[in-house]
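Chemist: Same order as they appear, the protein sequences are chains E, D and R.
The opening residue of the first sequence carries number 426 in our numbering; numbering runs sequentially from there.
The opening residue of the second sequence carries number 49 in our numbering; numbering runs sequentially from there.
The opening residue of the third sequence carries number 4 in our numbering; numbering runs sequentially from there.
Incorrect hints may have been included.
Estimated spans, in silico, between C-beta atoms of each pair [as the list claims (entries may be wrong)]: (1) R:Gln276 x E:Ile528: 26 to 34 Å; (2) D:Gly138 x R:Gln494: 53 to 61 Å; (3) D:Val94 x E:Val584: 35 to 43 Å; (4) D:Ser239 x R:Glu182: 33 to 41 Å; (5) E:Gly550 x D:Val94: 27 to 35 Å; (6) E:Ala643 x D:Glu273: 34 to 42 Å.
From the structure, some residues in chain D lie toward chain R, with a derived Cβ separation under 8 Å [to be verified]: (7) Ile116; (8) Thr117; (9) Asp133; (10) Thr343.
Result set (DSSO-like, lysine-lysine): computed pairs, CA atoms no more than 30 Å apart in a straight line [claimed, not checked]: (11) D:Lys119 x R:Lys244; (12) E:Lys518 x R:Lys41; (13) R:Lys107 x R:Lys139; (14) R:Lys388 x R:Lys375.
These are calculated hints, taken from the structure and not from any lab test.
Glycine included, each C-beta is placed from N, C-alpha and C at the ideal position.
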Amino acid sequence: MLRFAVRRLAGMTVVLFAISVIVFLIFNVIPNSDPAARIAGKNANPALIARVRADMGLDQSLPVQYLTMMRRIFTGQLTSYSSNQNVAEQIWKGLPATLSLCIGAALLWMAVAVWFGYLSAVRAGRFTDRALTILALVGISLPVFWLAAILLYFLSYKVQLFPTGSYVPLSESPVRWAYHLILPWVTLAVLYVGFYSRVLRSNMLDAMNEDYVRTARAKGLSDRQVRLRHVLRNSMIPIVTLFGLDFGAVVGGGAILTETVFNLNGVGLYAGQAIGKLDLPPLMAVTMFGAFFIVLFNAIVDILYAFLDPRIRLGESAPV
Amino acid sequence: MAAPTTEDAAPTADVEGRSPWHLAWARLRRNRIAIGFGVLFLLIAVFCLAAPLWAEYVAHTGPNQNHITDKITIDGRLTNVVSTDGIPIGPGLRGRYLLGADQNGRDVMVRLMYGGRTSIYIGVLAAVITTVLAVVVGMLAGYYRGWVDAVLSRILDVIWAFPVLLLGIALGTTLALGGLSIGGLQITGNSLWIPILIIGLVYVPYMARPVRGEILALREKEFVEAAVAQGKGPLRIMVSELLPNIISTVIVFCTLNIANNMLLESALSFLGAGVRPPNASWGTMIADGYQTIYTAPHLTIVPGLMIVLTVLSLNVFGDGLRDALDPRATIRLER
Amino acid sequence: MRRLRRIVTILAATAVTGAGVAGCGGTKSITGAGGGAKGGEVNVTMTSFPDYVDPQLSYTVEGWEVLWNVYTPLLTYRHQKGDAGVDVVPGLAKDMPQVSEDGKTYKLTLRPNMKYSDGTPIKASDFTYAIKRLFKANSGGSVFYEGIVGAKDFAEGKSDTITGITTDDNTGDITIALERPNGTFNNILGLMFAAPVPPTTPLDKESTNNPPPASGPFVITRVDAPNTLTMERNPQFNTVKDAGATEVADAQVDKILVSQNKNNSAQVTGVQQNTIDFMSDPPDADRLPEVKAKFSDRFRMEDSINTYYFWMNTQKAPFNDLKVRQAINYAIDPEALNRVFGGRLHPTQQILPPGMPGYDEYKLYPGPDMEKAKQLLAEANPADKDITVWTDDEPDRKRIGEYYHDLLNQLGFNAELKVIAGDVYFTTIGNTSTPDLDTGFTDWFQDFPHPDDFFRPLLNGENILPTNNSNFSQVKIPANDATMDKLVEQQLTDDVRKQYAELDKSYMEQAVWAPYGNEQFTTFLSDRMNFDKSYRHLLFSQDYTSFALK
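Build out the structure end to end from the sequences listed, making use of the hints.
Modeler: Now the structure itself:
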């Protein structure tokens, strides 16, 4: 077990390393993204640009630059190319907005998805099921940024029901915090509700045909008790694991479109602005941050599975 | 494999075996909703493919032709296509500018159709790339296991863990500037192949993992053992024994993948990293429409609706396919 | 300079209320005679936050707008609108400089007994310190001051001091020696690059998060880059006024809160609903007609000194052929481009914009005339018809690029459009090793009101730099270069102005550019603001000392 966990974590480190190298290479291969020339300004002559480059350490070889950057990320000393701001600080400042958005949306989508999925499974084949299925499928067919625009246009402009976005810190006013986040929560949740409700439905339907359910019914438990105590609980396991992966992805930058459209000063928006400026340090930091979350949740899920299912950690057909 | 269905004619003396494909097709046909949406997708595709015809005979203009200072006759009066204040005309029942004009004086309907062509084209081609890569990687990883699996799985992990949009934008921006040259093959910066390759790459783990999982399971089955005993080489086993068994999974995933690709393409184009101007795609049209969402909301709403309808039809049809190809589906529906 | 609006390519959605702006309860204090209430708080929004909150480093329109009334240089520009604002007048210095016969020595005297906002005295040596900062902090503005004797050596680290500047803190005397006479030097002394700052300011780093103390009517009390900054009345500004600096205007409000808001539409709505007092940027094209129609009592169009043009690479086919370039000049339709800008672009065919000394209107290529253009192209018959058109990704520039791309295709070329992210656009086309630099979009906003600021960086053959080039057309006409060098050494008399006008015409006879417009800007204020008092300066954009509540 321990060996498995260690191997998994080692794999995680390799993946993170590979990602950091890829990001670094991509941005150093872009022609004309030389930050020295940009920072030196419009009228700069070659002498000025050379001075800027030396000051920023950009005249070193690529491996040296890479190591310096990684070292700075881990010691929290990374500053962006286009302004003197400390990247770690900016990410820290952006976390409340991103976490508020993601956690709120996650709670919403899980609650609604479980409810819809349960209903759908229980009334499988009938009208409720078909309607909810179509609804779910519509949900996963909407482009996030378009949905946000439509919601804003109709509910914020035509009918001034909601504010346009922008983040109000929880400490400032919980009511306004929530009020400003309602539309973003709904936008982010819609996509996942559709997906999760269908996964739950399909898992529940599979579970309902298992032997242990038949046994439970034979024992005399009511339909409802069977559904809730056995079927739902067992169907939730894959849901929880999927949730772990998706939540990791959303916190790690998957919310970039929602944050941008609603002007929430989160980590995703910060990354988006950095891309526009081809500013490597924040981009590297946010990508690593995001990848770390995704890989972490991935590894936790795998380890948990191995822990729960002896076949996996013992057998030769064990996933690596 | 004989299934007592009502589709048989009068009972005969021989019991006819029906292949699983026949059964699946029969099940699919019964699912009217799925068939309906499948037809809808085909209609949308035909509509978009007819773009050159509309452009030539109805609108008399191409998708990228600017008509900023032109005038057309509406209700007998000569009107500026784009007013002196920069406001384009709105939709109306006429051949030219049916959906109005955009700020460059281009015909929105024509752009919508050409844009659809581009978006669907990218979605389908990227799905082909993803499918091929995913099947190859999944098969190799599942069949050989061991260190081959370890390496391939790690590569999939890297792609999986990479924040998709950031990767897409980074690559899109880089490659748009200089284009790509692999060996002797040159791709210019504006080519559609760049978003196609990026989108094709991003979703490989999504499909490769389930394929790998199925191969891992199938590998233990007796018929594979038998094939090995017969002396068949790995390649033949993969192609003739394993592949047919995963085909149905692959087909379903491929259909759903087209839908996801179209969504990703619209997101990338919206962010400026997908289809490059002045070419139209539904994503770039939404981005352009955003500029005037107050005064001309239809420029944002219409392309978005097209995306939703197309993706929805693919999703519903793919769902129906999945139910049809999965023999347990009927049991599920019957409680 | 170029108008580097660092707008993210991702667009924000619509809004109704102004996003993220703190409430603006203004306090109106009662005044005696002297017209207008003095005091109160004002909030201002802009789409792009100032690049640096640092007088030596800031080089964008937004930065200059904010900093002009915070840091006063030795000389300054008159606080008036229109042509009157183009005159250089004494700021922290007692008088205009005494220039020696050979034009190479400038003598000024600092006014006595002035203090920065934190109470420390303003000294003559602070001017030298500011110039040193330009070089050590690698400011883009340092190039203007390289003509000072010893500056280059200092920049390269060969010397600890700039030998060409001598100061005496007791008498306030400042003497500057130039390597060559320079008729633009007074203008350059009037820029914030040369504003004195105390030696406690970091020498080689930007000071955005902790700006140096102020010498103008406002002091920056708080910076939260890139979101907001707060400006308040400078309590020590009376020391500057009392020392005789009559041309430096005083503040009429107590506090200004400057916020960044990426959503132009939200800003428009905010000003309309009086939750925002002033928006720096003009309303977007689709809101402009509504603002013009319904809010004319607090909205006006303003002139600005800039030229928008298409550059054409004169060193490469097909644009190395004069006829091809002239054809383009005949073909482009400034009215179409004006509509892309929402009606804010005045057509032009000159290099220099109206308002710039040396401007003279003439029309060498009456048009748009597609027939004439096609005829010229037929005569020229270029072999190479594959061209790449460049533009940046800001929405209106992208549309301009698409128009130009379509036009070139209609003329028979095989054009490819390349849209580059705004932040790297100019460094991309300014790198002469970038392949396929044929033609594309650019603009130029004056750095100071002297024609040399247009001709030298944009058209001088010596200035085709390998990186950070601004002479995108790669123009090299030695006779014109010589004229430029001769004219810059002279002071700007009427005769010199005429000669600049002829230089302009001579370049356009060679059709080195395809200019098409001068962009107008806007003043749009909330109800509580005094609309008549507020104006837009030709160099520093909106003058914050002209903000006053009704």
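Chemist: Now tell me if each hint is right for this structure.
Modeler: Consistency of the hints with the structure:
{"no.": "1", "hint": "R:Gln276 x E:Ile528: 26 to 34 Å", "result": "holds (33 Å)"}
{"no.": "2", "hint": "D:Gly138 x R:Gln494: 53 to 61 Å", "result": "holds (56 Å)"}
{"no.": "3", "hint": "D:Val94 x E:Val584: 35 to 43 Å", "result": "holds (37 Å)"}
{"no.": "4", "hint": "D:Ser239 x R:Glu182: 33 to 41 Å", "result": "violated (51 Å)"}
{"no.": "5", "hint": "E:Gly550 x D:Val94: 27 to 35 Å", "result": "holds (33 Å)"}
{"no.": "6", "hint": "E:Ala643 x D:Glu273: 34 to 42 Å", "result": "holds (38 Å)"}
{"no.": "7", "hint": "Ile116", "result": "holds (4 Å)"}
{"no.": "8", "hint": "Thr117", "result": "holds (5 Å)"}
{"no.": "9", "hint": "Asp133", "result": "holds (4 Å)"}
{"no.": "10", "hint": "Thr343", "result": "holds (5 Å)"}
{"no.": "11", "hint": "D:Lys119 x R:Lys244", "result": "violated (59 Å)"}
{"no.": "12", "hint": "E:Lys518 x R:Lys41", "result": "violated (37 Å)"}
{"no.": "13", "hint": "R:Lys107 x R:Lys139", "result": "holds (24 Å)"}
{"no.": "14", "hint": "R:Lys388 x R:Lys375", "result": "holds (18 Å)"}
Comparing the model with each numbered hint stated earlier shows that hints 4, 11, 12 do not hold.
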